[in-house]
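With the sequences and hints as input, model every part of the structure.
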Amino acid sequence: MTRKRRRLWILLACGLGLGTATALVLTAFSDNLVFFVSPSDIAKVGGNGRTVRLGGLVEAGSVQRGSDGASFRVTDGANSIAVRYNGILPDLFREGQGVVTLGILQPDGGFRASEVLAKHDETYMPKEVAEALKKSGQWKPEAGPAPAGGAWKKPGG
Amino acid sequence: MRLSGAVLPYLAAAALVLTVTGLGWGLFVSPADWQQGDAVRIMYVHVPCAWLASAGYTGLAVCSILSLIWRHPLADLAAVEIGPVGAGFTALCLATGSLWGKPMWGAWWVWDARLTSVLVLFFLYLGHVALVRAFDDPTRGYRAGAILALVGAVNLPIIKFSVDWWNTLHQPASIGLTGAPSMAPAMLWPLLIAALGYTLVFATIVTVRLRAAVMERRIRGLLMARAASESGA
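Residue numbers (our numbering), protein chains in the order written: chain A, 1 to 157; chain B, 158 to 390.
Hints were generated in silico from the structure; no laboratory data involved.
The beta carbon of each residue, even a glycine, is placed where N, CA and C say it ideally should be.
Heads up, none of these hints are tricks.
If you want a taste of the chain A side facing chain B, the calculated C-beta under 10 Å gives, among others:
no., residue
1, Gly15
2, Thr22
3, Ser30
4, Phe35
5, Val37
6, Ile88
7, Leu92
8, Val100
9, Ala118
10, His120
11, Tyr124
12, Val129
The calculated lysine-lysine pairs, modelled on DSBU-like cross-linking and capped at a C-alpha distance of 30 Å, are:
no., chain 1, residue 1, chain 2, residue 2
13, B, Lys259, A, Lys140
14, A, Lys134, B, Lys259
15, B, Lys259, A, Lys127
16, A, Lys127, A, Lys140
17, B, Lys259, B, Lys317
A few chain B residues facing chain A, derived, Cβ under 8 Å:
no., residue
18, Asp190
19, Trp191
20, Ala330
So, in structure tokens, the structure goes:
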């Protein structure tokens, strides 16, 4: 009995130590663990010529498609940055959609992207539900993410 | 052993029925997503696999605790048998996730926190599979494997909360224990049925493997006893 009890305590102590160590390491490195930075982060620290990933929502009404690419603004609500991209945009790209762009901040404050990834949110719904939400005025896809799931069913959905 | 033999056919049948129902419903009947279209159907394979990758590792960790503290012989064998099955489900999760990521995000793979932590989970499974078989004395293999499994268990909360703690390309969870799921019921039900079916498939495979391992051990014991009695006689 006592040996089992002792092994239990040793295991608990090891687990506690390991958990604390991991938590400290992850907290210390949390700046490096993020996949992308927001326009507000860039506004705070600047781009200093490094290649970074900029993430946010595509601002409504900002998309201009040209023959060799597109320009649009990425916003997080507080700040926004103009992005210029030559290449093929992903299928899910639209106004109000989350995107992550890889590129370099230019001296003029614009962002030159070499890669654009679409980031969809965790909301899944059939076309009919999306249409009903749009029709009833509860949700504009250009303006941001869809309302929470509990709110759908009441009108028409 | 006798109980597992009696339950096994029902377990296998339920697993088959639920998996076929969930997958058939999800892949052919359920509606397409408003923005992802038919690509959303990969979810009915990807999400249950991802859940089971984590759940399987939790089982592995529990077996390791039972093995290290109480030295339970069945827990040793169960840990050995869960390893390859969990690795398989994790590989399926990574593969389907990659197939889903290319058309939706525009990339097969990105090094964001969620994807990277699941890849680490896959390597932990592979490491466990290799380590428990690397010793001539199986008991030492069980001990080493159990320690590896428990050290790797810190990865489980990292996987779960990676999408909340850091900004990632992977979207946060749609379904939680609290709050309404952000998924239409017509898509949620087949997903839950498929998840239950996959869980039973996982349990069936592990049970079959575990029964085989127990029998193997018994046969080896009998053979050794006979060899001992023959050499003694």
